[in-house]
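**Q** Here are the chains, one letter per residue:
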Amino acid sequence: MIVVAIALNTFKEAVRDKILYVLFAFGALMILVSRAIGWVSYGSGEKIMADMGLAAIWIFSGMVSIFIGTGLIYKEIDKRTIYTILAKPAERWQFLGGKYLGLVLTMLVNLTLLSGGFLIYLWLSNAPVTMGLVQALYLTFIEMMVLTAIAIFFSSASTPILSAIFTTLIFYVGQVTKWIVELGAGNPPWVQKMLYTVYLFLPNLHNFNIRDKAVLATENGLAVPYAELGVVTVYGLAYASAVLLAAHLIFSRRNF
Amino acid sequence: MEQTLDESAKAFAEGVAYNAYWNDLAQWSYTAWYAGFALGAALLILFVVLPRRTESVIVPAGPKRLLYALSSYRSAMLHGGGILLLVLCAVSSQSEVDHARGFLADQDRRYEAMLKKLGAKGDKEAARRAQYMYMPRGNSLIYVTAGNPALAADYIWLTSQQYVVNSFRRGQKFEMLLKFYDTLMELEPHWTEAAINAGKVLSALEQDRYAVEKFYIRAIVNNPGNHRLAYEAGRLFVVPPLNPQVRKDYSRRAAGWFQRVIDQLKTQPTVEGRERFISELQDLIARLSVESQSYEIADQLLLKNVKDAKNSRAMREISARDWLNARSLLMSSRIQERVDAFKAQKLHFPLELTPMFKAIRGDRLFRDFDENGIPLDAYGFPFRYDAVSGMVTSHGADLRRSIQSVVIVRNMIEMFQRENQSRNPATLQELQAWVRTHYANPQSSPTPAITDALGIDLNVIDSPFGKAWDYDAASGVITLPPESDAKILFKNADRLMDEFAPELQ
Chain S
1 MIVVAIALNT FKEAVRDKIL YVLFAFGALM ILVSRAIGWV SYGSGEKIMA
51 DMGLAAIWIF SGMVSIFIGT GLIYKEIDKR TIYTILAKPA ERWQFLGGKY
101 LGLVLTMLVN LTLLSGGFLI YLWLSNAPVT MGLVQALYLT FIEMMVLTAI
151 AIFFSSASTP ILSAIFTTLI FYVGQVTKWI VELGAGNPPW VQKMLYTVYL
201 FLPNLHNFNI RDKAVLATEN GLAVPYAELG VVTVYGLAYA SAVLLAAHLI
251 FSRRNF
Chain D
1001 MEQTLDESAK AFAEGVAYNA YWNDLAQWSY TAWYAGFALG AALLILFVVL
1051 PRRTESVIVP AGPKRLLYAL SSYRSAMLHG GGILLLVLCA VSSQSEVDHA
1101 RGFLADQDRR YEAMLKKLGA KGDKEAARRA QYMYMPRGNS LIYVTAGNPA
1151 LAADYIWLTS QQYVVNSFRR GQKFEMLLKF YDTLMELEPH WTEAAINAGK
1201 VLSALEQDRY AVEKFYIRAI VNNPGNHRLA YEAGRLFVVP PLNPQVRKDY
1251 SRRAAGWFQR VIDQLKTQPT VEGRERFISE LQDLIARLSV ESQSYEIADQ
1301 LLLKNVKDAK NSRAMREISA RDWLNARSLL MSSRIQERVD AFKAQKLHFP
1351 LELTPMFKAI RGDRLFRDFD ENGIPLDAYG FPFRYDAVSG MVTSHGADLR
1401 RSIQSVVIVR NMIEMFQREN QSRNPATLQE LQAWVRTHYA NPQSSPTPAI
1451 TDALGIDLNV IDSPFGKAWD YDAASGVITL PPESDAKILF KNADRLMDEF
1501 APELQ
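Those protein sequence lines, which keep their order, are chains S and D. All residue numbers for the first sequence refer to my numbering, where the first residue is 1 and numbers rise by one. All residue numbers for the second sequence refer to my numbering, where the first residue is 1001 and numbers rise by one.
None of these hints come from the bench; they were simulated from the model. The hints are all genuine.
Covered, in the sense of this in silico footprint (three residues per stretch, anywhere, with C-beta under 8 Å from a C-beta of chain D), are these stretches of chain S:
| no. | segment |
| --- | --- |
| 1 | 38-44 |
| 2 | 150-164 |
| 3 | 172-179 |
| 4 | 199-211 |
None of these values were measured; they are calculated from a predicted model. For glycine and all other residues, C-beta sits at the position ideal for the given N, C-alpha and C.
Please model the entire structure based on the sequences and the hints provided.
**A** What follows is the structure, given as structure tokens:
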């Protein structure tokens, strides 16, 4: 119950944050503009529209996660409100979990609104609305769960600015991790193994990117089989949990 | 000295491969990277190992004192180590991009060095060409778009359209756009709609169909199940080539691609209009098979079209007429084989075809014979034979070809009249001289239809049926033999329809 109460309060706090509305507005604007870019194209206008819409949802959700998530814990410490929460019979893990779930809830609402608007906009534009697109949006949400966990991790250990920088770096590097392994090609085996270890430890956010497949999905309208979707979901949840545990490890040892 | 485009590209590649800047950078960057990684990892390990410093802790004496002294910097170690490792991860990514010639700063330096190299050789045109022909590799664009190749592909596609509509360096448009489209396919290999449209643009820019076909093949390798790509590849070769010598190969390739389309369509679930599309393609393959001298295939497909009750009446009638042609050509090719075998054995051509006819008596291909037992072609005419050249031809097929060719010759006469105050050519030789002079001008090169009808030498004197056209200089009219009348020529097509399409009669 404590976790739920903190989560709901975090959600209320997040939806009062102006930055959420600014990012939401930009995301919606980019989705609207995508159609005009599609008009410029000779053929494949619908494809470009869908690509841009999915990318807009992805990037602006990522920004919400980074900008709100990285300040969550720090703000409580900075304003000393954390004392009142922890003074009550609330464990630190409950506080951390509540904060995380609250932000995930914010993300879910944000993503649902943007995605709903995007799919309706596609439908109104006579562009194909396939199950693949829904799959891509679902995996974007799972990706945001991982990113939010990373943002909370840094927020529990550092200042908002540094956390935002770290999380943004992870967000970018996570998209291109597979090339870290390729970097080891031609090097001694121990170097290759080390790079592979780095690759394994970094979040492979590219797993959640099925946007190109979703837009070009033809067979049954699916971007990937449901089994694959399940595996990627498990990966995302496992990684997010591991990061939250690490965040708790730091947070539990922290003095205010 | 003028450099070809290939030489410019080679010089560019050499400039990139052996650029001193990159080599110097590569030598120390790996060492620095591993040193940085070790330092970052050490800082993070220390952060975990070192005890937290609180005021209540009594600082122990001895070696542990150092550890407690360092514990003041735990936070700095966490931040320093974390930043270092993350930056190194990003650096790793950037190094890969640099390998792929992606990031602009590094690429510009190498590019400038290459330009200087080319400029030093005094070939400014080659340097300019290398400049505007530059295109980043798809791999590097994936980095720029943070792992979103679809967005990079969209960007490439939209940018390429500027080059389609603008008068960008006429002559190099094809090469430039091919680079765009190859990068596009590298980024988004399954974007078949773009591949199809790209192929259409390329085929409009380049007369060399084989170069465009290569692009389609690359797209088909990535999308083997997509029949539309194969169809477009086939359509490339349906338009007759300017060089009639490659016509046979064009037809063979087109037929091959269309057959692939049919094979793919047959494995896919039934969709509306599929059977009709397959039937139309088979008809097209049959016609192409005649052009590529695959008469047996044409014979079978056209007869199948005639028999198929699902086809429209018009299609069955046209197929019946085309079948006469294919069958006649098949028959003459069979006799020709025997004539050639005779020549190989006796070292001279036979004086007449009678011995050949005796040999083919049992061949089911030959159904009609005249009162003397001489086989007739499918049109019902005797075969023609030139004992000097050893050539066997079907009179019916030649007549049919004459009907097509005479239209072109008549057009030539009209053009001659327009240029000569409505005067008719006095002889066909005069017309021939005028035609060759007219088409010697590069501004008015003959169309594929003209070279197809008259041959590469633009012969307007001889008709396909082995003698000169019957030309009347007074009226300027060419008269065809009476048997070229459609009713006479295609009488056997009606017979065929009676036999295989009685319900339509």
